[in-house]
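Q: Take a look at the letters that make up each chain.
Protein chains: 2
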Amino acid sequence: MDAETAGTKVLDTAERLFGERGVQAVGMDAIRSASGVSLKRLYQVFPSKELLVEAVLRRRDEAVRASLAAHGARVAGGPYERVLAVYDWLADWFAEPGFRGCAFINAFGELGGGTPSVAAIARDHKEAFRAHLAEQTDALGAPPLLADQLALLANGAMVLAGITGSPGPAAQAREAARVLLDAAR
Amino acid sequence: MDAETAGTKVLDTAERLFGERGVQAVGMDAIRSASGVSLKRLYQVFPSKELLVEAVLRRRDEAVRASLAAHGARVAGGPYERVLAVYDWLADWFAEPGFRGCAFINAFGELGGGTPSVAAIARDHKEAFRAHLAEQTDALGAPPLLADQLALLANGAMVLAGITGSPGPAAQAREAARVLLDAAR
DNA sequence: GCATCGGGAGAACGATCGTTCTCCCGATGG
DNA sequence: CCATCGGGAGAACGATCGTTCTCCCGATGC
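Which chain is which? The protein sequence lines are V and L, in order.
The opening position of the first sequence corresponds to residue 4 in this note's numbering, with each subsequent residue numbered one higher.
The opening position of the second sequence corresponds to residue 4 in this note's numbering, with each subsequent residue numbered one higher.
Careful: at least some of the hints might be erroneous.
DEER-style ranges, computed between Cβ atoms [unchecked claim]:
id, chain 1, residue 1, chain 2, residue 2, range
1, L, Ala-186, V, Arg-77, 25 to 33 Å
2, V, His-74, L, Glu-178, 21 to 29 Å
3, V, Ala-98, L, Glu-7, 44 to 52 Å
Which chain L residues face chain V? A few, computed with CB under 8 Å, are given here [to be verified]:
id, residue
4, Leu-155
5, Ala-157
6, Gly-159
Listed below are several chain L residues computed to face chain V (Cβ distance under 8 Å; list not exhaustive) [unchecked claim]:
id, residue
7, Arg-24
8, Gly-39
9, Pro-50
10, Ile-108
11, Gln-152
12, Asn-158
Since the hints were derived computationally from the structure, they do not count as laboratory data.
Note that the coordinates shown come from a computational prediction; the quantities given were computed from them, not determined experimentally.
Each residue gets a CB set at the ideal place from its N, CA and C atoms; glycine is no exception.
Please take these sequences and the hints and turn them into a complete structure.
A: What follows is the structure in structure tokens.
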């Protein structure tokens, strides 16, 4: 097994276990046995747990940005429809088995107070999400405030879908977004 | 020092430390030295850390409900103004020094996957918050969907205010709530 | 064939965790 | 005055954490 596939396996495993149990509750040994990558190799690729956590979050950040952009590009219609499509994207995400909230929100809550790098990654990720919405609202000629408000709805939906275990918040947020969009016209 | 004041001191200290660093990063010994309550007494009042965490969250739940109700009762005006007052209440909260997000959202993210009692307390708390909004929207003759959407805005504001370190989301949410309220008339 | 090297498995290490135990002191009751 | 008891301080215990080290085996180069 070469270093690259080992890294991928470790990131896959760590992302899953961190999501299921939280970061601090998952030991490096659990990642080792679940991924099949030896501790020696693991520390070769990620010299500390903190660096592994950052790598997991950074890869997830890129994946989310790419998924969101791809989903938006597939939308037939203009910025109005593209904004609403974000909440359909949320609905698909919330319906995935084992969904337990946004990795960045959870990581910030658990580690943001003591690990500035994690706090910074979470902040950047949320800013990128807001920027994606702002692209669409700009195209509509709406003020940046609207993008902020659409982001509030989406992040509230992530939290409540996680806590309640229901995908319902995605549809509720979509309807509210429609009202805000219509009011801004 | 009697058991009751010891319990209060421990709850105060634990609530503060859990908020600053997260739950798992705070040891019982840190709570002992910061509160001045001996370990013996600490375990007399809270027989395990899990029970202490639950007690902290339950007391916080009651405090939030009471604060929200008191703030609402102080509002001059009807249900419309009472809904908007919730976001003013959020703004005051976000501006408190050291604010780092909602304790229930953070505890759920850190422990919700492995500690069902914590997940249940978080769920109940968020449901109570939604119910407070639903009281007002019911009085307006609006459908329950509106209360869900107002709750999404509020929870999104808690998350983004914590991550960005700015109280701005409270005002953004308040404006969005006003639009949703006006559209429901 | 033999020496060398890299990696796998897992033991080992020091730190820290949640929890319990020991020791000691001061207050209380007769 | 003495015996008893409760609580404070903190040592101790077993478990587990992140991290490193040891041992061993298979592949590779000459």
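Q: Run every hint past the structure and note whether it holds.
A: Evaluation of the provided hints:
no., hint, in the structure
1, L:Ala-186 - V:Arg-77: 25 to 33 Å, "29 Å, holds"
2, V:His-74 - L:Glu-178: 21 to 29 Å, "27 Å, holds"
3, V:Ala-98 - L:Glu-7: 44 to 52 Å, "47 Å, holds"
4, Leu-155, "3 Å, holds"
5, Ala-157, "7 Å, holds"
6, Gly-159, "3 Å, holds"
7, Arg-24, "5 Å, holds"
8, Gly-39, "23 Å, violated"
9, Pro-50, "21 Å, violated"
10, Ile-108, "6 Å, holds"
11, Gln-152, "4 Å, holds"
12, Asn-158, "4 Å, holds"
Hint check: violations occur at hints 8 and 9; the rest are consistent with the structure.
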